[in-house]
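*Asks:* These are the residues of each chain, in order.
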Amino acid sequence: MASRVVISRASRIKTKLETALQAAVLEVEDVSHQHAGHAAVRHMEGGAQETHFNVRIVSAKFQDQNLVKRHRMVYDLLSDELQSGLHALSITAKTPKEAGLDS
Amino acid sequence: MARSLANIFYKGIFAVPAASSTGILRFSTSVPSDPDTHEDFRPTTKVETSEISLKDIVEQDIKENPVMLYMKGVPEAPRCGFSALAVRVLREYNVPIASRNILEDLEIKNAVKSFSHWPTFPQVFINGDFVGGSDIILSMHETGELKEKLKADAEKQQ
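Protein chains in written order, with full-length UniProt numbering: chain A, 1 to 103; chain B, 1 to 158.
Certain hints may be false.
[Said to hold, decoys possible] Distance condition first, Cα-Cα at most 30 Å in a straight line; then the derived DSSO-like pairs of lysine-lysine:
id	chain 1	residue 1	chain 2	residue 2
1	B	113	A	61
2	A	14	B	55
3	B	151	A	16
4	A	16	B	149
5	A	16	B	63
6	A	14	A	69
7	A	14	B	147
8	A	97	A	69
9	B	147	A	97
10	A	97	B	55
11	B	113	B	151
12	B	63	B	151
13	A	69	B	113
14	A	94	A	14
15	B	149	A	97
16	B	113	A	94
17	A	69	B	151
18	A	14	B	63
19	B	63	A	97
20	B	147	A	16
21	A	61	A	16
22	B	149	A	61
23	B	151	A	14
[Unchecked claim] Selected chain B positions facing chain A (in silico; Cβ < 10 Å):
id	residue
24	76
25	80
26	82
27	96
28	97
29	114
30	118
31	121
32	128
33	130
34	132
35	134
The set of hints was computed from the structure by calculation and includes no laboratory data. Just so you know, even glycine gets a beta-carbon here, dropped at the ideal spot from N, CA and C.
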């Protein structure tokens, strides 16, 4: 479902990650509706909106970084969002080689 | 200035220097800056502990428990799908799982976040090492890394 927010959180996330990670693949999927009954968002105004996202990133910048470091890179880039209502991210972070995109 | 106060609070939990003018905010439990806190989950009793001892609690948790899980809810009744996933994966290995429900203790929640430099829950520690959240646990489960890590730790302890 397309969001009616002028600049959605999904597109902000996309821009922030795209710029910093020069991602070869970047998919941001809003799955907030799957968490509508979630304890922490149940009572939010308007229900669960733009709180949960699946993010799939392929970036050469993940080279030689373990999973914890890769996820931290993403969390650090999105710290503003995490402080303003972004609740959880499901992150898949691969290098081009791991994703089979090696050139 | 007001705009940055929440920020100072958020980042300043363990940053004592330069906090003299803002220190008054450090123990506020109204916590408007915490995005995934609803008033339902504010602690009913305020724990009057210092920052140092909160960090000590976390350090003790992960030292004493080979598998330590900070989660939303309890293993028998997780309050979040990601926490449920972490429990489900760890239970595949038949290891004792120690856990804390961070929804019940906001100060521990913040202490864990600062300790691991990780903004979300669940968080899994194995033999004192921060391992990650549910995505990483699941990924390590699939690649066999988790089995190796738990096995290596079990051997170390014997």
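*Asks:* Run every hint past the structure and note whether it holds.
*Replies:* Tested hints:
no., hint, verdict
1, B/113 to A/61, "holds, 25 Å"
2, A/14 to B/55, "violated, 34 Å"
3, B/151 to A/16, "violated, 39 Å"
4, A/16 to B/149, "violated, 34 Å"
5, A/16 to B/63, "violated, 37 Å"
6, A/14 to A/69, "holds, 19 Å"
7, A/14 to B/147, "violated, 34 Å"
8, A/97 to A/69, "holds, 18 Å"
9, B/147 to A/97, "holds, 25 Å"
10, A/97 to B/55, "violated, 39 Å"
11, B/113 to B/151, "holds, 27 Å"
12, B/63 to B/151, "holds, 17 Å"
13, A/69 to B/113, "holds, 15 Å"
14, A/94 to A/14, "holds, 16 Å"
15, B/149 to A/97, "holds, 25 Å"
16, B/113 to A/94, "holds, 24 Å"
17, A/69 to B/151, "holds, 23 Å"
18, A/14 to B/63, "violated, 38 Å"
19, B/63 to A/97, "violated, 37 Å"
20, B/147 to A/16, "violated, 35 Å"
21, A/61 to A/16, "holds, 14 Å"
22, B/149 to A/61, "holds, 26 Å"
23, B/151 to A/14, "violated, 39 Å"
24, 76, "violated, 15 Å"
25, 80, "holds, 6 Å"
26, 82, "holds, 6 Å"
27, 96, "violated, 23 Å"
28, 97, "violated, 20 Å"
29, 114, "violated, 13 Å"
30, 118, "holds, 7 Å"
31, 121, "holds, 8 Å"
32, 128, "violated, 14 Å"
33, 130, "holds, 7 Å"
34, 132, "holds, 5 Å"
35, 134, "holds, 8 Å"
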